[in-house]
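Chemist: What follows is each chain in one-letter form.
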Amino acid sequence: MMRYLRLLALQFRISAASAMAYRANFLIEGVMSLAWLAITLLPLVVVFGDRDKVAGWDRPSALIVMAYFMAVRAVLEGTISPSLVDLVERIRTGSFDYVLLKPVDAQAMVSASRYEPWKVFDLLGAIAVAVYAFAARGAPPSPVDAVFGLALFAAGVLATYALWILCAAASFWVVRLDNLMYLLGAIFDTARWPVQVFPGAWRFIFTFIIPVAIMTTYPAKALLGTLDASAALATLGGCVALLIVSRMVWRTAIRSYTSASS
Amino acid sequence: MTSATARTLRALPTLLRIGVAETVAYRAEFLVWILTTTQPLIMLGLWTSVAREAPFHDYSSSRFVAYFLAMLIVRQLTGNWVAWQISEEVRSGAMAMRLLRPVHPFFAYAASHAAAIPFRSIVALPVAFALLASTGASALTTDPVQLALLVPSLALAWLATFAMLFAIGALAFFLTQTMAIANLYFGLFSLFSGYLMPLELLPGPIARAAAWLPFRFMLSAPVELMIRSHTPGERADLLGGQLAWTAILLAMALGLWRAGVKRFEAVGG
Chain W
71 MMRYLRLLAL
81 QFRISAASAM
91 AYRANFLIEG
101 VMSLAWLAIT
111 LLPLVVVFGD
121 RDKVAGWDRP
131 SALIVMAYFM
141 AVRAVLEGTI
151 SPSLVDLVER
161 IRTGSFDYVL
171 LKPVDAQAMV
181 SASRYEPWKV
191 FDLLGAIAVA
201 VYAFAARGAP
211 PSPVDAVFGL
221 ALFAAGVLAT
231 YALWILCAAA
241 SFWVVRLDNL
251 MYLLGAIFDT
261 ARWPVQVFPG
271 AWRFIFTFII
281 PVAIMTTYPA
291 KALLGTLDAS
301 AALATLGGCV
311 ALLIVSRMVW
321 RTAIRSYTSA
331 SS
Chain F
6 MTSATARTLR
16 ALPTLLRIGV
26 AETVAYRAEF
36 LVWILTTTQP
46 LIMLGLWTSV
56 AREAPFHDYS
66 SSRFVAYFLA
76 MLIVRQLTGN
86 WVAWQISEEV
96 RSGAMAMRLL
106 RPVHPFFAYA
116 ASHAAAIPFR
126 SIVALPVAFA
136 LLASTGASAL
146 TTDPVQLALL
156 VPSLALAWLA
166 TFAMLFAIGA
176 LAFFLTQTMA
186 IANLYFGLFS
196 LFSGYLMPLE
206 LLPGPIARAA
216 AWLPFRFMLS
226 APVELMIRSH
236 TPGERADLLG
246 GQLAWTAILL
256 AMALGLWRAG
266 VKRFEAVGG
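Protein chains in written order, with my numbering: chain W, 71 to 332; chain F, 6 to 274.
Just so you know, these hints were derived from the structure itself, not from any lab. Certain hints may be false.
Claimed, not checked - Simulated pairs of lysine to aspartate or glutamate, EDC-like, Cα-Cα distance not exceeding 20 Å:
no.	chain 1	residue 1	chain 2	residue 2
1	W	172	W	159
2	F	267	F	93
3	F	267	F	94
4	W	123	F	58
5	W	172	W	186
6	W	123	F	94
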């Protein structure tokens, strides 16, 4: 376990060092984060400019969902996505062989192989939105809700990670499927809205088939103190199930890996 | 006619045939790309549920349905991924092979993407019929002039989108962060092109900006022609804007390309 933590820290240091080598990017990334913040918030501003409530969600609570969305997206684009894009590239070129040769678990090795440290700006943006939303509500979350909210944030991130690993595993069979990540990204985009906002068929898909609900809606409800115990358990259960399935698919996929290098 | 033009024209049927073959060969990839452009269906779900109890501004539920289905059709017909293709080829060095060919890459890429349009129509046309069946003709225009204008409008939207993404792809000659720029472009595009919501619903100053920015003429313009009657003056503005922006974007794409190729050092040999 300690070995994996050391490995993670080392990989992070390498990425941070290479990010620091391009210091000019600091400004570009900061500006981009601000632009993304505006782009992300505008549809919500439009909807709640005309309505007090949509599907039972008022503006501050919908903003909390949005903050969760931005935070999960920051983690996704800061670690998961670049690492897996890297993986797809390695499978295509055959350099994945070297990863398999290393005396550590390949999934752990590729899951955090690359970071985009600047995405930390997006995380700060998400926290700012959440603080603003609670200021608009007039009361901070209770300590218990805050703990649950953070725990379910971790669950949401892990569920997202599991979905992306499933996707990456597909590239063992169909090599040129890096755009599957774009598709997943497009679907993940719906996580910015509380899942109750969508009509029946969509809500079913986003809760059970592609569970964007457990990435943002339920964690947000936990932080708001409106999540009942059974829904909290279902969220954790869904997250664990996704992790197990993704691990199994990864193991199967890796067995059918035929090197492209030789 | 210069010999370069003649050569390009002669090569065109073959380029189109290659495009069709590529689409068929990478069908799984192609299908995923088509699914990625189904975002309007998700927005459709959101907006119809917002408008369920009472119309949102002028938009009733059924108008949102017509709007987003029209959006889906136009997006399917005009979308492409040439920016990703170019930056990948520049990065991997495969661009060197392409530059050796006696046809300008703009035409080669354009032909390969144009060849995919029939396959995209297979997806878009059933949706078009579903649209007519479900919302009826009431939410759509029946004006024959406007329907006739839809053809050049779609063609210009396709060309403008292609030129824009070609220009972004050409940035790969100068920068390593093309993907981040392409993503940011897509964020701006989805906001200002009507992809996420009808442009009239945007707050005042942003709606005014959207009326002038290129994005509207790449996606919203044909949709506006489909779902609303316009006065002849409005039609002229719409088509004129499309023409002007297509010309600007084409000039930008070819200019960037020409400057970029000069800097290109093949990677990998």
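Chemist: For every hint, state whether the structure bears it out.
Modeler: Against the structure, the hints:
Between residue 172 of chain W and residue 159 of chain W the alpha-carbon distance is near 18 Å, which keeps this suggested pair within the 20 Å criterion. Taking the CA atoms of residue 267 of chain F and residue 93 of chain F, the gap is about 18 Å. The hint holds against a cut of 20 Å. With a CA separation close to 16 Å, the supplied pair residue 267 of chain F and residue 94 of chain F stays within the 20 Å bound. About 11 Å separates the Cα atoms of residue 123 of chain W and residue 58 of chain F, which keeps this hinted pair within 20 Å; it holds.
Annotation: proposed proximity of residue 172 of chain W to residue 186 of chain W is violated, straight-line Cα distance about 24 Å (limit 20 Å). Restraint check for residue 123 of chain W and residue 94 of chain F: the C-alpha separation of about 48 Å exceeds 20 Å, so the hint is violated.
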